[in-house]
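If you want the building blocks of each chain, they are given just below.
Number of protein chains: 4
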Amino acid sequence: MTLLTTSKEPLRGIVPPMITPLHADGSLDSASVEKLIEHLIAGGVHGIFILGTTGEFSGLSYQTRRDLITQTCSQVGDRVPVLVGVTDVSIEESIALAEFSANAGAYAVVVAPPFYNNIDQKELTHFYLQLADAISLPMFLYNMPSHTKLVIEVDTVIELSAHERIIGLKDSSAHAVYFQSLCHAFRNQPNFVLMVGPEEMMAETVLMGGFGGVCGGANLFPELYVALYVAAENKDFETMKVCQGAVMEISRNIYQVGQYKSSYMKGLKTSMSFLGLCEAQFASPLYPFSDSEVEELRSRFEVIAADLTQLSL
Amino acid sequence: MTLLTTSKEPLRGIVPPMITPLHADGSLDSASVEKLIEHLIAGGVHGIFILGTTGEFSGLSYQTRRDLITQTCSQVGDRVPVLVGVTDVSIEESIALAEFSANAGAYAVVVAPPFYNNIDQKELTHFYLQLADAISLPMFLYNMPSHTKLVIEVDTVIELSAHERIIGLKDSSAHAVYFQSLCHAFRNQPNFVLMVGPEEMMAETVLMGGFGGVCGGANLFPELYVALYVAAENKDFETMKVCQGAVMEISRNIYQVGQYKSSYMKGLKTSMSFLGLCEAQFASPLYPFSDSEVEELRSRFEVIAADLTQLSL
Amino acid sequence: MTLLTTSKEPLRGIVPPMITPLHADGSLDSASVEKLIEHLIAGGVHGIFILGTTGEFSGLSYQTRRDLITQTCSQVGDRVPVLVGVTDVSIEESIALAEFSANAGAYAVVVAPPFYNNIDQKELTHFYLQLADAISLPMFLYNMPSHTKLVIEVDTVIELSAHERIIGLKDSSAHAVYFQSLCHAFRNQPNFVLMVGPEEMMAETVLMGGFGGVCGGANLFPELYVALYVAAENKDFETMKVCQGAVMEISRNIYQVGQYKSSYMKGLKTSMSFLGLCEAQFASPLYPFSDSEVEELRSRFEVIAADLTQLSL
Amino acid sequence: MTLLTTSKEPLRGIVPPMITPLHADGSLDSASVEKLIEHLIAGGVHGIFILGTTGEFSGLSYQTRRDLITQTCSQVGDRVPVLVGVTDVSIEESIALAEFSANAGAYAVVVAPPFYNNIDQKELTHFYLQLADAISLPMFLYNMPSHTKLVIEVDTVIELSAHERIIGLKDSSAHAVYFQSLCHAFRNQPNFVLMVGPEEMMAETVLMGGFGGVCGGANLFPELYVALYVAAENKDFETMKVCQGAVMEISRNIYQVGQYKSSYMKGLKTSMSFLGLCEAQFASPLYPFSDSEVEELRSRFEVIAADLTQLSL
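Protein chains in written order, with this note's numbering: chain A, 35 to 347; chain B, 35 to 347; chain C, 35 to 347; chain D, 35 to 347.
It is worth saying that the hints were derived from the structure and are not from the lab. One or more of the hints may lead you astray.
Identical copies look the same in the list; a pair holds intra-copy or inter-copy alike.
Taking lysine-lysine pairs in the DSS-like style, the calculated list, with each CA pair at most 30 Å apart, reads [claimed, not checked]: (1) LYS295 with LYS275; (2) LYS295 with LYS183; (3) LYS69 with LYS295.
Start from the sequences and build out the full structure, keeping to the hints where you can.
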């Protein structure tokens, strides 16, 4: 990984927030991890991000997290960069996971703000700098206000970007003004990586100067999201329109079964089980769909899968 | 206006949410209204929206609102469509203003959800349908969750769009996933107008199929926003980049003096006073900047105005 | 009313936020207004508050508001103080309603913060002082963050209380720390009236030094709330327990039919229709319960009404 | 501890959420832990709750948490019940800490909802039942919406209370209607313990049937909070008023230095350092007050400490 981490080339493209395959008893499904990684790399992704929100990091034991880090880094090797979410409420546990990731060969860590206490921007800055000083890998900030209750404000990002190990930010706020404000603030620092989480807005941010997307749906159909990213990079509006339409169909149909706050997570992972990529098992407090919900999802999924076949990406 | 309202051509482009020029005593500054309208039309705007949030509708008496409607419709004539905000907590007052607007010659009304009580989507739908049935002008929905405490959900918009008088939506949520979801939902109804409020995201939404923007900064520099819109329409990324940079400079400098929740409103209107377009007077509860804030704003403004001159839009 | 308004005795007790009886077409049901006022006064209430949130002020036209003010003040006469909600987003309309209320013989006005724009405490202070300067009646502040999106902070209340016409505050936040903080801040200003909205917490605040409650349920069963207030004043824990139990049964059963954000309003007004006190008609955007919801409510109501008869208040 | 856990007598009184004494390097300050425990027991507290929000649980490593559990249970012995916060986002880590606590001799565990993902009541119920099934100690629910983003709704509490190991709830919402609704719902289950967090509302809830308070200020002045609790239990309004006044002075002066979201935590722990009970050191992301803030706090603290001496509790 030495070449990657010392490279001047910033990360760009599709970096799926990999779901964590689990058995019904909550233990790691290593066989599915292996299958899923090959599925993603075969799909052309530009990196793999484990232990993010979509990876259900918060519901996993530390042992499971370490097992996943080890397996992923080992299996991926030098093929694409591996990013590891080490978000935690305890800075000591974050540091420990970050150093474990460094030893495993990860490319970088990704860190959302500490998410229990309500804190101010100054405290947040203090936290991130203390963490960056204590670890050896590059770090991405992770803006996720719906989960952490605070925004990493633009001025805070600017201040933090002066730290040599803070190399980018993933924004999952879906707030277009915030993201454009970051793009503008960093217009003269072209190596500071700015990616978005929500796949529905990935293409437009790439058109406006963004670096790509951490798209959950790329777990399912990596080629589609890679094709959308490439089309946006190339300003190929014809292809973009087709791919964006498919992405929106997934968003509307796969992520909205039931009226759960977790419909996205349940719809995504259950659809992946239809492809044999994992079991439809979740870390607590999530639990599987009911049978009728599974059937509703399956019929929606089949329409989308058939349509995607037509696209011949 | 008959031609306009029966036209099949949906509204597109830059429709500034016109600020309301006021005297220090709170009364309408009609001379400035006249000057401002000519400034906007000379700047190439595609419509004028009065009595929106930027127009401080909520702080104005009903008499002032009616005076502004009459003057604006009369002065604008057939040159561009006039949209009138008739948002109110009382449906009867909304209807009365809408009919007054119709008689004055307005093109359409714009209505945010009733914003005092906390209500459900079904109640919201009931409200909008009752209102649409009672008025004679076309209506735009106005999604403004930061002010009204609720989102007009995508399914609600779909249901409401079946009403012949509900012809579009202005989204000021800045939520890119929401807006893309609307664009996708209406991909086969190309006459349903989808515009965004926040100017920072206008260009990207036009690239993705949006109809334009209700951009506050167009009160100040209409040519800039029109140029940005046209560049986005034409996929002229070179020009877009330059204009977007200028728009972001305005966003970062003009709208962020002081730590007020109202910094946008105060920065915009006070900057307009520098151009002689209005006085820096506000409807209560807003009040003018302090002298030092005005000077801080002025020095920022002068840099931006000088830069814009270079652009020769 | 001269005696009342110049009296040194602060308001104490139960001041129901009177519902506004309406016909199906939205017009004022004056016959029910008359009946309801007599019902309340016969029930022993210590004041009547019209045009509050429970009075659906925001959904009424200005003409309806003025009609209600006139009728209520005239019919109540000197029997109890009449408080009038003149909350509005436009200070000019608030002032106009306040002066209309003064002429009609009201005791005081009640004003929640302007509720459309997001504002700061300094702007809020500016608004309240400007309003207090412009009117002739005493004024109660009205803390209602769920509807207005901001809290009138304790320091703001302290600052505002220096104005001679600002004589108290009604707190509908249900936030016990906030209310105790106010009680402590005003421990040496025993004439500054501090009342709570939520009836479920009225008794405990009276035990701790509060002045009483603006209890919605007192529209239905005024004697119950008066008895609870008197028991709390007298530290009669035996009676308090019985009455508090009844109040909580109302809260749990009458206010929670359906899963509406408006279940309180619909349950209260519909129950009042069972007593013949009004029709179950609402200002838009609310609309009546379905038939099955009415029957569900009716069966709950009958249990409660029967239990209350047993209490022989 | 066998007697305690099998006892039918529910917990009542003052159970301080013990702060966690730390050294500047973040390690546990065991000498201060010892001193603090004796300070609390000498002050008459009815239990000790470690690793709550005030105990900065979220900022501590698991090793530090285990060290604190071991030391506290061992030192306290049978003198008062020890409650241990085992809130976590991972159910496996919660279970591990709960079993560790059981082995150390704790009385019960306290668990707030998993606080990263946004979840529904059904998922929350699923989580709590799964946890309760997996552990051997009794469990208190911990309602803390400002930190966990969701309320444990009354109906959820009722459903969960059917589990034999779920024996009570600590409510830190400060929402008086919520707490009264719980008191009413459990009026016929007198062993289900209902306590509040915010000390400003403790007395009134005890008057209304609550079981006591988990009061942060009792770290500093345990006698004061015990005296207030006893006075409320005895309906001794004279003493209650004096003690409540002192508690409110602490709330207003000690917890509100600076404009930090963490002013409570910083003010409390720094004041404790004035008494020699711990160092003014915090778990990241919190950091110490500046010198001038310390001096501001010290002058406020000295007034309060002097006043308390007068009370001779």
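Each hint, compared with the structure:
Proximity of LYS295 and LYS275 under a CA criterion of 30 Å is satisfied intra-copy only: 29 Å inside one chain copy versus 38 Å between copies. Both within a single protomer and between protomers do LYS295 and LYS183 lie at most 30 Å apart by alpha-carbon distance, with minima of 16 Å and 12 Å respectively. For the identical chains of this complex, LYS69 and LYS295 are intra-copy neighbours only, at 28 Å inside a copy versus 45 Å across copies, given an alpha-carbon limit of 30 Å.
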